[in-house]
Amino acid sequence: MSSKIPSEVSGFLYTSETLLTLDEFSRVCAVERRQIIELVEEGVLTPVGAQLEEWRLPGDSLRRAQTAVRLQRDLGVNLAGVALAMELMDELERLRSLFGNHPFGRAGRMP
Amino acid sequence: MKFKDYYAVMGLARDATQQQIKQAYRKLARKYHPDVSKEADAEQQFKDVGEAYAVLQDPEKRAAYDQLGSGPKGGEEFRPPPDWGTGFEFSGAGPDGDVGGDSDFFEALFGQRGRAGARSSRNAAPADHHARVMVDLEASLQGATRVFSLRVPELDAQGRLVTVERQLNVKIPKGIRAGQQIRLAGQGFSAPGQSGAGDLYLEVGFQPHRLYRVDGSDLYLELPVAPWEAALGASVPVPTPGGTVQLKVPAGSHGGTTLRLKSRGIPSSPPGDLYAVLGIALPAADSDVAKSLYTQMAAALPFNPRAALGV
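Chains E and G supply the protein sequences, listed in that same order.
Residue numbers are given in this note's numbering: position 31 of the first sequence equals residue 31, and the series is strictly consecutive.
Residue numbers are given in this note's numbering: position 207 of the second sequence equals residue 207, and the series is strictly consecutive.
Source of the hints: derived by calculation from the structure; they are not laboratory data.
Errors might be hidden in some of the hints.
A few chain G residues facing chain E, derived, Cβ under 10 Å [what the hints assert, rightly or not]:
#1 Phe46
#2 Gly50
#3 Arg62
#4 Gln167
#5 Arg177
#6 Ile182
#7 Arg210
#8 Lys248
The beta-carbon is built from N, C-alpha and C at its ideal position, and this holds for glycine as well.
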């Protein structure tokens, strides 16, 4: 293996506008079809389209699917528990990004 | 190679019951899970705990490990005793397919046999691989090329599984958001028993930024203003990703007032906004002039900052 910096590679970026079929989504995030269907049923993932064959899942929820599966596997929680944990984590992340890690955030300087 | 005290890693006494081991693991796994924890070294801690649990939860491995005692004192070099492992059959798999993934200690004690069969997909189609990488926010704001070092499992000349470092020079698309994935076609690594390389998926996260906090495609900036700028209104300079702009602070603003600068956040599609959150910065009363002005305000303004508290 060379120690030189290899030539630049560019890739394909999955965004909220990248709509994937169930099979495509399953391959990209390496999560089984069956698990993705369960995550949709539990409301962790929200596809566009009513029938399973018509489902299109946004590219920016790939990470959600992976996180949900890792939490299930590593922490021994069931699907409902994962869904609840992820909702709370979303909320926490939003608050952290707004207020940082200060216990009172900006409240210390509120009017 | 350093001895690893698996009991210490899990905060357990050496005579802990299997039930206590399981409880300790569950608790530590929740604490250090990389998807949950915000601690900087969570991923390593989680791996250490997983490695300790893989040994201690398995009665055969635990019995073998217990034979070693508590290891050499003071972090001396550790070598397994010559008769190590005789009479033990390590058959069980850990709680996860990648136990002890890059632990020399685990490897020396339990070897390949101790690993779960996650790598057993022989002759399968080239597998895709996933990795998480951190970039600076500027890479998304301007688009950039960044070099990442990935640890990749490979077979060495003797056919042993080793971890090598591989460098990858990747174009980061302008406007990328935290949590999004980049697919690098054909850049996966060929695992043992597989032909060709699959795709490599990079999940991108942002390192903390000096000025901005990130929420999706929006940026938040804490903007200090003087009391008179907030009270009377002013036009103040604001550092945005695209350069400094003048922002009109309306009269009667206060700490926490949030002003939106449209489309000046992450240049995704659609672009995010930049929010300036005002913080009132007080001038220090460290001169006669300053003291005199504060005294005048105190005397002349009927102002109770604690009125809402009822005192």
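Handout entry: Residue hint Gln167(G), partner chain E, criterion CB-CB below 10 Å
Key = Because about 6 Å separates Gln167(G) from the closest Cβ in chain E, which is inside the 10 Å limit, the hint holds.
Handout entry: Satisfaction of the Arg62(G) interface hint, Cβ to chain E closer than 10 Å
Key = violated (20 Å)
Exercise for the section: Report holds or violated for the interface hint on Lys248(G), using the least CB-CB distance to chain E and a cut-off of 10 Å. Expected result: violated (19 Å)
Handout entry: Interface restraint verdict for Ile182(G) against chain E (beta-carbon cut-off 10 Å)
Key = Because about 4 Å separates Ile182(G) from the closest Cβ in chain E, which is inside the 10 Å limit, the hint holds.
Handout entry: Restraint outcome when Phe46(G) is required to lie within 10 Å of chain E by C-beta distance
Key = Status holds, d = 8 Å.
Problem - Interface hint compliance - Arg177(G) to chain E, C-beta minimum distance less than 10 Å - result: With a minimum Cβ separation of about 7 Å from chain E (threshold 10 Å), the hint on Arg177(G) holds.
Problem - chain E contact restraint on Gly50(G) - CB to CB distance below 10 Å - result: It holds, given that the least Cβ distance between Gly50(G) and chain E is near 8 Å, below 10 Å.
Handout entry: chain E contact restraint on Arg210(G) - CB to CB distance below 10 Å
Key = violated (13 Å)
Checked against the numbered hints given earlier, this structure breaks hints 3, 7 and 8; the rest are met.
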